[in-house]
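Heads up: the protein sequence lines correspond to chains A and B, in order.
Numbering follows the working numbering, with no gaps: position 471 of the first sequence is 471.
Numbering follows the working numbering, with no gaps: position 230 of the second sequence is 230.
No lab work stands behind these hints, which were simulated from the structure alone.
There could be a bad hint or two in this list.
Identical chains share a label here; the pair holds if one copy fits it or two copies do between them.
Here are the computed lysine to aspartate or glutamate pairs in the EDC-like style, where the Cα-Cα straight-line distance is at most 16 Å [claimed, not checked]:
#1 K432 - D143
#2 K213 - E234
#3 K20 - E64
#4 K179 - E383
#5 K217 - E234
#6 K361 - E234
#7 K222 - D381
#8 K15 - D381
#9 K390 - D415
#10 K15 - E175
#11 K15 - E183
#12 K287 - D83
#13 K20 - E107
#14 K77 - E246
#15 K434 - D412
#16 K259 - E451
#17 K480 - E437
#18 K432 - E476
#19 K20 - E183
#20 K361 - E46
#21 K36 - E283
#22 K20 - D63
#23 K179 - D11
#24 K238 - E261
Protein chains: 2
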Amino acid sequence: MFPFERIIQIDKNSKIPIYKQIAFSIIDAIRNGMLKAGTHLPGSREMSKMVGVHRKTVIAAYDELNAQDWIVIVPRKHVSVSDRIPLLEPKKWNIHDSKTSYEHSFELPFRSINNQINTNKSSIIPEIIIDDGHPDVRLSPIDELLKTYRSYTSKNYSIKNAHIGTDQGTLRLREELAKFLAETRGLNILPKNLLITHGAQMSIYLAARLLLKSNSKIIVGKPNYPVANNTFLEIGAKLVEVTVDENGLDVDAIEAVCKKEKIAAVYVIPHHHYPTTVTLSIERRMKLLQLSQHYSFAIIEDDYDYDYHYTSSPYLPLASGNHNGNVIYIGSFSKVLDPSLRMGFMVAPENFIQQCVALRKLIDVGGDGYMQNALANLIKDGELKRHLKKAKKVYHFRRDFLDNLLKDKLQDYIDYTLPSGGMSVWIRLKPKYKVLELTKIPQLKIIRINEEQNAFRFGFASMNEQELETTVLLIEKGLKSL
Amino acid sequence: MFPFERIIQIDKNSKIPIYKQIAFSIIDAIRNGMLKAGTHLPGSREMSKMVGVHRKTVIAAYDELNAQDWIVIVPRKHVSVSDRIPLLEPKKWNIHDSKTSYEHSFELPFRSINNQINTNKSSIIPEIIIDDGHPDVRLSPIDELLKTYRSYTSKNYSIKNAHIGTDQGTLRLREELAKFLAETRGLNILPKNLLITHGAQMSIYLAARLLLKSNSKIIVGKPNYPVANNTFLEIGAKLVEVTVDENGLDVDAIEAVCKKEKIAAVYVIPHHHYPTTVTLSIERRMKLLQLSQHYSFAIIEDDYDYDYHYTSSPYLPLASGNHNGNVIYIGSFSKVLDPSLRMGFMVAPENFIQQCVALRKLIDVGGDGYMQNALANLIKDGELKRHLKKAKKVYHFRRDFLDNLLKDKLQDYIDYTLPSGGMSVWIRLKPKYKVLELTKIPQLKIIRINEEQNAFRFGFASMNEQELETTVLLIEKGLKSL
Numbered sequence: 001m002f003p004f005e006r007i008i009q010i011d012k013n014s015k016i017p018i019y020k021q022i023a024f025s026i027i028d029a030i031r032n033g034m035l036k037a038g039t040h041l042p043g044s045r046e047m048s049k050m051v052g053v054h055r056k057t058v059i060a061a062y063d064e065l066n067a068q069d070w071i072v073i074v075p076r077k078h079v080s081v082s083d084r085i086p087l088l089e090p091k092k093w094n095i096h097d098s099k100t101s102y103e104h105s106f107e108l109p110f111r112s113i114n115n116q117i118n119t120n121k122s123s124i125i126p127e128i129i130i131d132d133g134h135p136d137v138r139l140s141p142i143d144e145l146l147k148t149y150r151s152y153t154s155k156n157y158s159i160k161n162a163h164i165g166t167d168q169g170t171l172r173l174r175e176e177l178a179k180f181l182a183e184t185r186g187l188n189i190l191p192k193n194l195l196i197t198h199g200a201q202m203s204i205y206l207a208a209r210l211l212l213k214s215n216s217k218i219i220v221g222k223p224n225y226p227v228a229n230n231t232f233l234e235i236g237a238k239l240v241e242v243t244v245d246e247n248g249l250d251v252d253a254i255e256a257v258c259k260k261e262k263i264a265a266v267y268v269i270p271h272h273h274y275p276t277t278v279t280l281s282i283e284r285r286m287k288l289l290q291l292s293q294h295y296s297f298a299i300i301e302d303d304y305d306y307d308y309h310y311t312s313s314p315y316l317p318l319a320s321g322n323h324n325g326n327v328i329y330i331g332s333f334s335k336v337l338d339p340s341l342r343m344g345f346m347v348a349p350e351n352f353i354q355q356c357v358a359l360r361k362l363i364d365v366g367g368d369g370y371m372q373n374a375l376a377n378l379i380k381d382g383e384l385k386r387h388l389k390k391a392k393k394v395y396h397f398r399r400d401f402l403d404n405l406l407k408d409k410l411q412d413y414i415d416y417t418l419p420s421g422g423m424s425v426w427i428r429l430k431p432k433y434k435v436l437e438l439t440k441i442p443q444l445k446i447i448r449i450n451e452e453q454n455a456f457r458f459g460f461a462s463m464n465e466q467e468l469e470t471t472v473l474l475i476e477k478g479l480k481s482l
Numbered sequence: 001m002f003p004f005e006r007i008i009q010i011d012k013n014s015k016i017p018i019y020k021q022i023a024f025s026i027i028d029a030i031r032n033g034m035l036k037a038g039t040h041l042p043g044s045r046e047m048s049k050m051v052g053v054h055r056k057t058v059i060a061a062y063d064e065l066n067a068q069d070w071i072v073i074v075p076r077k078h079v080s081v082s083d084r085i086p087l088l089e090p091k092k093w094n095i096h097d098s099k100t101s102y103e104h105s106f107e108l109p110f111r112s113i114n115n116q117i118n119t120n121k122s123s124i125i126p127e128i129i130i131d132d133g134h135p136d137v138r139l140s141p142i143d144e145l146l147k148t149y150r151s152y153t154s155k156n157y158s159i160k161n162a163h164i165g166t167d168q169g170t171l172r173l174r175e176e177l178a179k180f181l182a183e184t185r186g187l188n189i190l191p192k193n194l195l196i197t198h199g200a201q202m203s204i205y206l207a208a209r210l211l212l213k214s215n216s217k218i219i220v221g222k223p224n225y226p227v228a229n230n231t232f233l234e235i236g237a238k239l240v241e242v243t244v245d246e247n248g249l250d251v252d253a254i255e256a257v258c259k260k261e262k263i264a265a266v267y268v269i270p271h272h273h274y275p276t277t278v279t280l281s282i283e284r285r286m287k288l289l290q291l292s293q294h295y296s297f298a299i300i301e302d303d304y305d306y307d308y309h310y311t312s313s314p315y316l317p318l319a320s321g322n323h324n325g326n327v328i329y330i331g332s333f334s335k336v337l338d339p340s341l342r343m344g345f346m347v348a349p350e351n352f353i354q355q356c357v358a359l360r361k362l363i364d365v366g367g368d369g370y371m372q373n374a375l376a377n378l379i380k381d382g383e384l385k386r387h388l389k390k391a392k393k394v395y396h397f398r399r400d401f402l403d404n405l406l407k408d409k410l411q412d413y414i415d416y417t418l419p420s421g422g423m424s425v426w427i428r429l430k431p432k433y434k435v436l437e438l439t440k441i442p443q444l445k446i447i448r449i450n451e452e453q454n455a456f457r458f459g460f461a462s463m464n465e466q467e468l469e470t471t472v473l474l475i476e477k478g479l480k481s482l
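Chain A on its own, in the form it takes in the complex:
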């Protein structure tokens, strides 16, 4: 007799009903080739004794197997493995074999992505995380947002078609956002010029996938936001790096490149270049627009940090100037409200937006329609602006508070230029100290470290004064002990 008691694994503590555990075990045995087509199974009474369960449980298991066509039940005669099961060579005896398919590695060749970006592999969250410029979500009107969200989902009539149009973003959100961008950035656009994405990164990805072919050239700053660089590389494009100085991208260097070779696009972060936090000057902005016209390249303007300026007004975006439609403007609410919310946008001419929508539908269909409409309400009510005003005040204070702390505690170790806006400070260690040493402080995790420049980003916006102080003291202690 087949050793059913050996292949049927019953775990009384499992949430899986026992009859299902029996059925799954028998299916495994059939799949392994251990039980062949036509093999008779023991009657329910006999099986119940072999396995030590109630007979009714065995009957339920057989019913399940029968319903799934694995076995044939001839009442009052016999139960047997279906004849339609193809013949399989039995595998080496290993009852766990079928359960461990996913323990194997995926064996077929597949493209591999550069995965060296700093990830939080460890599930242990360290005491202190220095992020690269996140908002303080404790200040965000998330609760306001969710109240509206719930008010949508609780209405039967409003939820039935909530997903319609979310591939581009709900019309309601695009209408409110177009007004908001006009008021804050001088962008004169219509809802058709807007695409709502899951964040700035998705806008970068979509624009890059459409603009760049294999071996297309894109100009980026050196150093640059590494996730953007990896996106362009993943698509097969070639990076052409130009220097970033205290006024941003060196546009003369861009001109020199354009004279020599065809450039498909320039990726620029005009407010608070990542990682160095510098602002692209007005002269360079105008020259860049001129070059874009003259050499016909697209500008991907990643303006994620526009809303936070403390000691001066922000420069208007390149996108608000004359560019005949060749500027793709990118912004994000993750930086304004909450990195968990995943909502950003892209501004571009209608033909480009339409193609982005087509691509986006292949990537993830659409967004969360309720959340989009809830955000539309937040903008309409003025709540977003009130939040920005409040947050700006708090972050301004925190920036200055950190400035004092750094001067007080770390001036022997570091150099930095206080940025006029944004949510982080670019801190360069003096040559005798190595930034990698900071990664050895066990309670501390720094999200963005740049070894080449011996520097790191200190996101100050997400920390209150006490947290800033604790963090700086921890760094001081770490550096002192070297």
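For this one, chain A is given, so just place chain B on it according to the hints.
Just chain B, lined up with the frame of chain A:
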């Protein structure tokens, strides 16, 4: 004197403060080359008369321009356009020019995506929409979900790091989901084998981007889910179509193809093939797994419809069998809870999941951590299972109700096979009627029509009895009038 009154556009009804409107207009004039570097601007008193606003408003405008480095203010002397502005040739006089950059089309070459899939371009939502198999969101425990969501976001300590780990999906959700998939599908996996995506489509996209190179071959059913086909084509892969009959994909045809050429992957929808709703038989499932081992191809198993079976149990997924890790299993909560929620998953070996995470971070960083944890709670509480049980009962009733309606009202016009599960019926029109005629009914919108097969998908799950009746009567009227 420069005609400031002509270039300064003031709209008193605009939400943009007037001082900003003045500043924006002057910036436009500088950018257009109309106001050159060094040009003196009128004093604030003079300007206020020219434009007809209070002097303080002009001063605010000048301060803004000064802060943005467009002009230089020499107190008690003059105000002039900054010398650092590069020289520009003036454009043809057109005050609206700079405001309409996004009215231009994007002029540079960019890749274009096949965008012929049925879209809901019109913002008018017709009275009746026949979807292609959506759940009835009015039954979904969205409110339960949002209660938990809010309980997370209202706690200061829980929100600070909520975004960490959402690139793969929060550990909490992956743990609960691994248990759920074991109980419902016999999948024995660990959280590391799971990736949380924005839905089944994103899982398809990620898997395809990693598996398929330009000119790779992928086997798909004929007909197949057109969005999946477009995804594979967009990546540059070649489709090899095999027949789908009443038992699903023809696996003998797959074997014949594999004997002739190298196949990278097979895309299969084993439960309720899209669009025809047939189920892949047990024999074919086993043969397909054998072929996958023998010819070394990946199987992309899109099992979006697993949870809804009425008259029989579902077959266990291919992914629960022996496959040495080469089955990528895809599921979605959009089909279970709400198409607006955008949450799905992928099961695969760890090395493949890790590469998907790396690619996913380039596409959209991560998901909504609060929502992921709220869903984890819904699973843990058993709420998801209770919902599925309730919904299954309702949809079963609706399927049979529609069956009776179709027999009663439309039997002269159509043929169909009632599916044993899922959320839609594949309805073929008799040859003398053309499915395109149905698109002419003004109150009706059908999401998925297949002209070649003269058929359409009738998603019944999202309609209550009254809605089903109204819809069928409308179709009857439309067909009668032909």
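Evaluation of the provided hints:
In this homomeric assembly, K432 and D143 never come within 16 Å of each other (Cα to Cα): the closest approach is 47 Å inside a single copy and 57 Å across copies. In this assembly of identical chains, K213 and E234 lie within 16 Å of each other by CA distance both inside one copy and across copies; the values are 11 Å within and 13 Å between. Within a single copy, K20 and E64 get their C-alpha atoms as close as 8 Å, which meets the 16 Å cut-off; across copies the closest is 71 Å, which misses it. Taking CA atoms no more than 16 Å apart as the test, K179 paired with E383 passes inside one copy only; the shortest distance there is 14 Å, against 41 Å between copies.
Taking the shortest alpha-carbon separations for K217 and E234, only the intra-copy value of 13 Å comes in at or below 16 Å, while the best inter-copy value is 21 Å. For a Cα distance limit of 16 Å, the shortest separation of K361 from E234 across copies, 12 Å, qualifies, whereas the shortest one inside one copy, 20 Å, does not. Proximity of K222 to D381 under the C-alpha cut-off of 16 Å is found in neither arrangement, the shortest distances being 41 Å within a copy and 50 Å between copies. In this assembly of identical chains, K15 and D381 lie within 16 Å of each other by CA distance solely across copies; the values are 13 Å between and 48 Å within a copy.
When the C-alpha separation of K390 and D415 is checked against a cutoff of 16 Å, the pair qualifies neither within a copy, at 29 Å, nor between copies, at 63 Å. When the C-alpha separation of K15 and E175 is checked against a cutoff of 16 Å, the pair qualifies only between copies, where the shortest distance is 14 Å, while the shortest distance within a copy is 49 Å. In this homomeric assembly, K15 and E183 come within 16 Å of each other (Cα to Cα) only across copies, at 7 Å, whereas the closest approach inside a single copy is 56 Å. In this assembly of identical chains, the alpha carbons of K287 and D83 lie at most 16 Å apart only when taken from different copies (14 Å versus 77 Å within one copy).
In this assembly of identical chains, the alpha carbons of K20 and E107 never lie at most 16 Å apart, being 31 Å within a copy and 61 Å across copies at closest. Taking the shortest Cα distances, K77 and E246 never come within 16 Å of each other, neither inside one copy (88 Å) nor across copies (31 Å). Only within a single protomer do K434 and D412 lie at most 16 Å apart by alpha-carbon distance; the minimum there is 13 Å, versus 81 Å between protomers. Taking identical chains as interchangeable, the C-alpha atoms of K259 and E451 are never at most 16 Å apart, the minima being 33 Å within one chain and 52 Å between chains.
In the homo-oligomer, the alpha carbons of K480 and E437 lie at most 16 Å apart inside one protomer (11 Å), although the nearest pairing across protomers, at 80 Å, exceeds that limit. Only within a single protomer do K432 and E476 lie at most 16 Å apart by alpha-carbon distance; the minimum there is 15 Å, versus 83 Å between protomers. In this assembly of identical chains, the alpha carbons of K20 and E183 lie at most 16 Å apart only when taken from different copies (8 Å versus 61 Å within one copy). Within a single copy, K361 and E46 get their C-alpha atoms no closer than 55 Å, and across copies no closer than 55 Å, so neither meets the 16 Å cut-off.
Proximity of K36 to E283 under the C-alpha cut-off of 16 Å is restricted to the inter-copy arrangement: shortest distance 13 Å between copies versus 79 Å within a copy. When the C-alpha separation of K20 and D63 is checked against a cutoff of 16 Å, the pair qualifies only within one copy, where the shortest distance is 10 Å, while the shortest distance between copies is 75 Å. Only between protomers do K179 and D11 lie at most 16 Å apart by alpha-carbon distance; the minimum there is 14 Å, versus 60 Å within a single protomer. In the homo-oligomer, the alpha carbons of K238 and E261 lie at most 16 Å apart inside one protomer (12 Å), although the nearest pairing across protomers, at 33 Å, exceeds that limit.
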